[in-house]
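**Student:** These two chains come separately, so use the hints to put the complex back together.
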Amino acid sequence: MSIQNSLRAQPDARGHFGEFGGRYVAETLMPLILDLEREYRAARADPAFADELNGLMTHYVGRPSPLYYAERLTEMLRAEAPAGMGAKIYFKREELNHTGAHKINNCIGQILLAIRMGKTRIIAETGAGQHGVATATVAARFGLPCTIFMGAKDVERQQPNVFRMKLLGAEVRPVVSGAQTLKDAMNEALRDWVANVHDTFYIIGTAAGPHPYPELVRDFQSVIGHETRAQIMAAEGRLPDLLVAAVGGGSNAIGMFHPFLDDPEVAMLGIEAAGHGVDTDKHAASLNGGTPGILHGNRTYLLQDEDGQITEAHSISAGLDYPGIGPEHSWLHEIGRVKYEGVTDREALDAFQLCCRAEGIIPALESSHGLAAIIRNARDYREDQIIVLNLSGRGDKDIFTVADALGVAL
Amino acid sequence: MSRIASAFARAAAEDRAALVAFITAGDPAPAVTPAILDAAVAGGADVIELGMPFTDPMADGPAIQLANLRALAAGTTTSAVLDIAAGFRARHPQVPLILMGYANPMVRRGPDWFASACAEAGVDGVICVDIPAEEDDALGASLRAAGVAVIRLATPTTDSTRLPVVLDGAGGFLYYVSVAGITGMQQAAQASIADAVARLKQGTALPVAVGFGVRAPEQAAEIGRVADGVVVGSAIIDAIAKAGAAGEDPAPAVRSFVDSLAAALRGARQEIAA
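Those sequence lines, one after another, are chains A and B. Start counting the first sequence at 1; every next residue gets the next number (the working numbering). Start counting the second sequence at 1; every next residue gets the next number (the working numbering).
Extracted from the complex, chain B is given alone in its bound form (with noise of 0.2 Å):
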């Protein structure tokens, strides 16, 4: 069993949701990445998402923007962000790493690059927001063929007739992005995002994880009573930039901050069953 799939199906023997943590890499510095991803780690993140820096990062709001700045300023080259992932690889065999990003700095050195630097670093699987499945050739066959898994996005105006389409292909879990938006700002309605949850499971079996506004333990819980996973960014971010900025370390800070998500979602669905 893959390390994507080892690591939803333990959240589910016990009973909760998987948490998917966010990080930009290079944020605020290469050298301080590891020592967060570990607090990430050790907070309880089930699954560790890699955010590479990109100068346009169209998909994201102010939080992430700001640490793609941060990150690129600091120096963030692919490599620092590669050597990352394989330094997170040694000291953590078992937990599985996505990197998320932009096409153009993913395919800069063409596909079959990137796959293979994926796979050499550990890299469980790739989220390339702005390469859609029409356009898989751009990157998805160079991953599969490397046995690293795309990660593919379900929107809430992904309809049923187009759901194969962006499942064909798709590897490790289904990211639902629940909000027709830009990450970071508003969160969905906990009824909507139960239905959709239900229609894509119809769809796929691999695990749905539901992301984008997601900021705080209660809405966590509340999104893992019903997906198989929940993924946090902008506010571990927040979180890193407010430690920054009040010149403190920042892996305590999110560690706190992700131990807390962790426990809203281990309690989560007995709280309902009670």
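Isolated chain A, as found in the complex (with noise of 0.2 Å):
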């Protein structure tokens, strides 16, 4: 396949994923996010860079990650299928990682980045507190000072997420502005570079933001489906025949489906939070219930008014509770290479309690919402098809959710 036939090929010179993506940030920024396109690139040509990222990777984070045959939750679906029926499920453990979730492959080489610039100070925003911590991880390794902005009702939600960060040494700083949430702490994070530019470092969570952000970070999670790929053809000698992840940003769901995105015979399937259902007001489904606009830098898919007004996204899950999504995903949701469904608070809450006592694995609410949709489609694939879940982050952090839901003091 030729590189102008490539979907791999994204983005363009300007940083547009088709009519998505972009640089939308105020002519502060501006010198900054371009020098940043320029230092990632040398980077990426730099063998040196790839060397101290792929050790780390390995002795830091715990790389390559397995990739797991779920045997028992395999057979359960089987066995309310038609005859023949029900796919082979396996699940890449990136929850397996050092600080339990993803998020640490993109902290790992942003960081690299920063120390690259000659930036001496970290900043960060977070929902939950998961890229909050790592990003507070990574700076305690290389020994920068770190301040993460949190939404002040997050700061709340998650109380032990925020004691980690502290740990770790970072400040957390609660944003009492807006909606006091993830996009909130994004404006304020954003107000804080503008204002330190000449040593501040902002490491973005997730494949949004302004160019180059959505391309590198998705680069950096891509060790997802590579692995997953050398993996799949050592256990099955093929390729998969769905990918599924869930989708808040979406830079897990990205990191998967990148590296197979030119394999026709591979279907790929991103799981958005539907909340209370998307014909509700209630869900974080940007792709499904949303339109596209400008916000964070970036153009893509919002919840928005018929003003342009961001509305508030709710799921139960803090890490998707998010009004927008990813460019690339807009993309390939629009050029349908990638389809993007709902799953519900509800459905979300049931797939976590069976994955705990089928696979004795308990999964983050995020991951839960795609192991909904493959509890929900497994059935409409033979025995011998296989469907990878990227099984994104542990779920030790939403107990306390869960339990409030389940109606379970603790």
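Just so you know, not all the hints are guaranteed correct.
Claimed, not checked - Beta-carbon label-pair distances, calculated as ranges: (1) A:350 to B:141: 46 to 56 Å; (2) B:190 to A:396: 47 to 57 Å; (3) A:281 to B:86: 28 to 38 Å; (4) A:339 to B:9: 56 to 66 Å; (5) A:350 to B:164: 54 to 64 Å; (6) B:160 to A:277: 48 to 58 Å; (7) A:305 to B:35: 20 to 30 Å; (8) B:6 to A:19: 35 to 45 Å; (9) A:311 to B:120: 25 to 35 Å; (10) B:79 to A:337: 31 to 41 Å.
Said to hold, decoys possible - Listing some non-contacts, in silico: residues in chain A with all C-beta distances to chain B over 10 Å: (11) 6; (12) 120; (13) 230; (14) 336.
Calculated directly from the structure, the hints in this document are not laboratory data. Every residue, glycine too, gets a C-beta built ideally from N, C-alpha and C.
**Tutor:** Structural data, given as structure tokens:
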């Protein structure tokens, strides 16, 4: 397949994925993101950068993460499927990474870029706190001061992660503007960045924001898909029939999907948080319930009203609770290469509990959305077909939320 | 000559900087804004910069963030902003009116729709914080085609290699953001402003107005000695909020504060000559 026909050649030189992406930032930040792009290109071409990154991925993060055959879950789903139906389910075990999720893959890559650029201070936004913990972790590892912006409401809801970040030496700054959640934390991180461009590197947590962030976050997360490809070839001698991943901003999903985009036999399903239902006003499904617009540096699908005011997202999973999505997903949605469906809070909770009991794995609520879609769809696949779920994070952080939803007092 | 060019020319002829007054549309309510704008003009503002409220004003400090939220809570729609603009144009046929805001509300119905709505409402120029020159085709081409100036921002990080990119397609005036930061916070050193204005004026024939962090008449006067225009925003917004909190009509407070700014600009260059 020629490069021109490849779906893996995005974005274009201006950072556009079709009509999505781009660099919609204040002028103060433009010189910096142009610098970042140059530095990223140089790093990609530098074998020493790759060596350092790979060394940390192996010895610090614990890669490669296993590709695990979820045998009991497979059997349980087959028992309810018509004869001969019920795909073989694999989990890509990103929850076994250091810090318990895929987020660290990106943070390691970005902090190496920060150091290359001579930046001496790290900032990041966080919703549930997973990206904040991963950022605080790498900042500690490299001895850089770190400030994490977190909505005041999220600070209240996610005390264990707030304490983790503090233990790791980060300053956690509660954001009291707006709705006091992830979107407001991102606004505040951008405000800090614009005032401190000379020494500060902003580690964005998902494959969104101004170019080159969507591209570089995707590239750092693509280790997930590259490993999966090699592992499934070793285990089954062929590529999977379906890849499934939860999508908030979409970094774990794009990391899983991107290396397979040019393999037409591999179908892909991104799962958005449908909250109380996409037909209600309480969901976080930007593709299924939103429209294209411009926010936080990129053009992409957003939850917004008829005047372009951003509306609040809702999901039981704080990591999916964002009114936008990475621009490459918007593009993949429009060209139809990846299918995007919604999973409700309720379905995710059910899948969460099933995974605990069937496999002895407590999954993150984010990943439980992906699992719920597999539970829904596996019966439509033959027994000789293969589905891989990106089990992007572990659910220890979510036990309070789940207990609350199940009416259990801890 | 356009209304913007005339306003700067008139100020220059009087040997003073033009005063650009920023006011958030719909703060504290859409029905109150017209009187506030009239008060700013009566106080001596040469150019009115009308802020379009947005839920996520990421280039703004606390004062304007809160003004945005108050305006949205009071039901300030895009249509209400355009009505305020059209009403202003009818009352003040000669005073330039600029809309300032963020990309998403501006492009929501398409750039051509917004550009022609601006033209119909008598808006002279648009400042969009988060559409840099690189993304000009998202809005700029439509505005220029409709006869609305695309007012660009230059910042302390805009170096001389980048400046031509920023100026390409720019109109009205060049807005120099004097600090790398958000609105209404710190102020820049006067020497750095003078240097920057001199550098920018080498690159463009457009008037250069300086804003961000300009809060007091003395500070406006100092900047007015070197710049073609001075933009004051957060301090006016604070005056509106303070009057509102005290249960008073904000218009007289705006009138008297703008008056003090305009007076400071009138005397500024003469003082230094004396």
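**Student:** Return the numbers of the hints above that this structure violates; sort them in rising order.
**Tutor:** Nothing - there is no hint that the structure violates, so all of them hold.
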